[in-house]
Amino acid sequence: MTPLLMADLTVFTLSVLVGFEVISKVPATLHTPLMSGANAIHGIVLIGVMLLALTVVDGGGYLLLGVAAFFGAANVAGGYAVTDRMLGMFRSRP
Amino acid sequence: MTAFDTTVHLVYLACATLFVAGLHLMNAPATARRGNRLSAAGMLVAIVVTIAVLVEDGGLTAGAVLVLTIGALAGGVAGLVAAQRVRMTAMPQLVSLFNAVGGGAAALIALGDRATGAQAAVTGALDVVIGALTFSGSLIAAGKLAGRVPGRPIVVPGGRILSVLLAVAAAGLAVLGGTGRGTLALAGVAGCALALGVLLTLPIGGADMPVVISLLNACTGTAVAMAGFVLGSTPLIIAGALVGAAGAILTKLMADAMNRSIPAIIAGGYGSGDQVTVAPVPGTAGVRAISAEDAGIQLGYAGKVVIVPGYGLAAAQAQHEVVALAQALTEHGVDVSYAIHPVAGRMPGHMNVLLAEANAPYQQLKDLDESNPAFPGTDVALVVGANDVTNPAARRPGNAVSGMPILDVDKARSVIVIKRSLGHGYAGIDNELYQDPKTAMLFADAKVALTSLLAAVQAYAG
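For the protein sequence lines, the chains are F and B, in the order given.
Using full-length UniProt numbering, you'd call the opening residue of the first sequence number 1 and step up by one each time.
Using full-length UniProt numbering, you'd call the opening residue of the second sequence number 1 and step up by one each time.
Any given hint could turn out to be false.
With beta-carbon atoms standing in for the labels, derived distance ranges [unchecked claim]:
no. : chain 1 : residue 1 : chain 2 : residue 2 : range
1   : B       : Gly63     : F       : Ser24     : 42 to 48 angstroms
2   : B       : Asp5      : F       : Met6      : 43 to 49 angstroms
3   : F       : Thr2      : B       : His9      : 15 to 21 angstroms
4   : F       : Val57     : B       : Asp256    : 46 to 52 angstroms
5   : B       : Leu66     : F       : Ser24     : 40 to 46 angstroms
Result set (DSBU-like, lysine-lysine): computed pairs, CA atoms no more than 35 angstroms apart in a straight line [stated by the list, open to error]:
no. : chain 1 : residue 1 : chain 2 : residue 2
6   : F       : Lys25     : B       : Lys411
7   : B       : Lys366    : B       : Lys411
8   : B       : Lys304    : F       : Lys25
9   : F       : Lys25     : B       : Lys252
10  : B       : Lys438    : B       : Lys304
11  : B       : Lys411    : B       : Lys438
12  : B       : Lys366    : B       : Lys304
13  : B       : Lys438    : B       : Lys366
14  : B       : Lys411    : B       : Lys252
15  : B       : Lys447    : B       : Lys252
16  : F       : Lys25     : B       : Lys366
17  : B       : Lys252    : B       : Lys304
To spell it out: a stretch of chain F is covered by chain B in this simulated footprint if at least three of its residues, at any positions, have a beta carbon under 8 angstroms from a beta carbon of chain B; those stretches are [unchecked claim]:
no. : region
18  : 3 to 11
19  : 41 to 47
20  : 50 to 58
21  : 77 to 85
The set of hints was computed from the structure by calculation and includes no laboratory data.
All residues carry an ideal CB built from backbone N, CA and C; glycine is no exception.
Just need the whole structure built from these sequences, with the hints factored in.
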């Protein structure tokens, strides 16, 4: 196992634990926005797609890149927008 | 490490911090929106800094820039339009769709990556399997929720064996891919995983969809983390792991609320989907029907009313009507609250979103643990299209809902149930609550019934 993989594994494990800790405190009322907001966070896959663009060489690669960019951007933009719209409805009324 | 690399890493670290802080702020309705915006700001910064990385690297071809820009712009616009247009009742299918494209993008990254070596082979194959499986599984789940795929469990003949074969084939191809056959073998892995996603989701009934969406969400998070391993990108690993954890916790909560084990849900075959046109079953003796006028007067005279909204309310899109009724009762001096079972609606907490959309004050929204002690002091429990979650049979062993946490509606002084017929819920058994002498049934569509109840209350209130 390379030191790099070791470091990545450490980061992964600690992040899972942080996730458990932070999310277990969210009340049931907010579970749908939470899921939608978490969904938007995995839109970070768009960054991976951008990095992938550096290695693209052939036509198939370009096709893959375009579809992946479309998917990733739809995930991140739509996810945050729809969560914000939902949360805008959660307001207390006097 | 150059100064540029150091800066990039520090900025990514700051973005990860913003994600965690954003999720943390989601623990209260008052700060949740700020939390989401903080998380979005983190994402924006991460994207900007990645553009800087691409520019600094200088290795982008003009074609790649063009394809990346057009793809991302089109995807962004499509996502924003969908987010603006979606109706709140259709939220679960949209979340499922966004989940699908996220998983798809993660799988495509591993397919497109040219990295070689044992490490990239293992995490790359995992990325393709989880990502592709999530992609097709989420699409089927969204289709079931939208009614484009039948909600009932669809059992494919020989599906179990086929699933095992596909899994073995995917593993075999992945090993082959590791020994240098590269992209073609990985494409085979993706094909197997896509088919597997369909096969695994089809037999799961509509009632279990909340759990499935949550589970698939966890899978996408994991796929994105795997993509992070492939690319050696820490922000992807952190964000993916956070989402994986969120999905796992929500899945567990949902499964507990339905008294179902996660393996049993994945095995499928339970949860009959949306039964909206079931004829009244035999044995209606002992069931007392009530008119909307009488029910309205009963509500108007009550001191304390608890409304129990269920899937029937969501299906009839009657959230505005129920809130209007609650408001009229509140103005009339009645103490009104909503008792919300964790699986009401189609997604964890979906009912809360529907009621929030209709402007219900969230102080009135009570969860299961808060509601149950209040029922003995409640004059009228108004059940709107909730069946299994109010069935007292759950307290006894030996039936389909045994052990499921329920709302103790039968402990209220009187109960009014709005329902289209005496048809069964997902569990497919009679609800003993309906035979209870203190229960009155108002047979009608939720929207129609609530409108007439409101009229009756207003007429009574003068």
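Here is how each hint holds up against the structure:
1. Glycine 63 of chain B and serine 24 of chain F have their C-beta atoms about 46 angstroms apart, which keeps the hinted 42 to 48 angstroms range intact.
2. Checked against the hint of 43 to 49 angstroms, the pair aspartate 5 of chain B and methionine 6 of chain F fails, with Cβ atoms roughly 20 angstroms apart.
3. Our hint of 15 to 21 angstroms for threonine 2 of chain F and histidine 9 of chain B holds, since their Cβ atoms are close to 18 angstroms apart.
4. Distance hint for valine 57 of chain F and aspartate 256 of chain B: a CB-CB separation of about 49 angstroms, consistent with the stated range 46 to 52 angstroms.
5. Taking 40 to 46 angstroms as the suggested C-beta distance range, the pair leucine 66 of chain B and serine 24 of chain F conforms, at roughly 44 angstroms.
6. About 30 angstroms separates the Cα atoms of lysine 25 of chain F and lysine 411 of chain B, which keeps this hinted pair within 35 angstroms; it holds.
7. Restraint check for lysine 366 of chain B and lysine 411 of chain B: the C-alpha separation of about 17 angstroms stays at or below 35 angstroms, so the hint holds.
8. This hinted pair checks out: lysine 304 of chain B and lysine 25 of chain F have alpha carbons roughly 30 angstroms apart, not beyond 35 angstroms.
9. This hinted pair checks out: lysine 25 of chain F and lysine 252 of chain B have alpha carbons roughly 14 angstroms apart, not beyond 35 angstroms.
10. Distance hint between lysine 438 of chain B and lysine 304 of chain B is fulfilled; the C-alpha atoms sit about 16 angstroms from each other, no more than 35 angstroms.
11. For the suggested pair lysine 411 of chain B and lysine 438 of chain B, the alpha carbons sit about 10 angstroms apart, so the restraint of at most 35 angstroms is met.
12. Proximity of lysine 366 of chain B to lysine 304 of chain B is assessed by CA-CA distance (about 14 angstroms); at most 35 angstroms being required, the pair is judged to hold.
13. In summary, the hint linking lysine 438 of chain B to lysine 366 of chain B is supported, as the alpha carbons are separated by about 23 angstroms, within the 35 angstroms threshold.
14. Of the supplied pair hints, the one linking lysine 411 of chain B and lysine 252 of chain B holds, its CA atoms being roughly 28 angstroms apart against a limit of 35 angstroms.
15. Distance check on the hinted pair: lysine 447 of chain B and lysine 252 of chain B sit about 33 angstroms apart at the alpha-carbon level, within 35 angstroms; holds.
16. Restraint check: the Cα-Cα separation between lysine 25 of chain F and lysine 366 of chain B comes to about 16 angstroms, which is no more than 35 angstroms; the hinted pair holds.
17. For a cut-off of 35 angstroms, the pair hint linking lysine 252 of chain B to lysine 304 of chain B stands: about 33 angstroms separates their Cα positions.
18. Three residues within the 8 angstroms Cβ limit are the bar, and the region 3 to 11 of chain F against chain B gives 4, so the coverage statement holds.
19. Using a Cβ-Cβ cut-off of 8 angstroms, 7 residues of the region 41 to 47 of chain F lie near chain B, which meets the minimum of three, so the contact claim holds.
20. Counting residues of the region 50 to 58 of chain F whose C-beta lies closer than 8 angstroms to any C-beta of chain B gives 8; at least three are required, and the coverage claim holds.
21. Under a criterion of three residues with beta carbons nearer than 8 angstroms to beta carbons of chain B, the stated coverage of the region 77 to 85 of chain F is upheld, 9 such residues being counted.
The structure does not agree with numbered hint 2 stated previously, though it agrees with all others.
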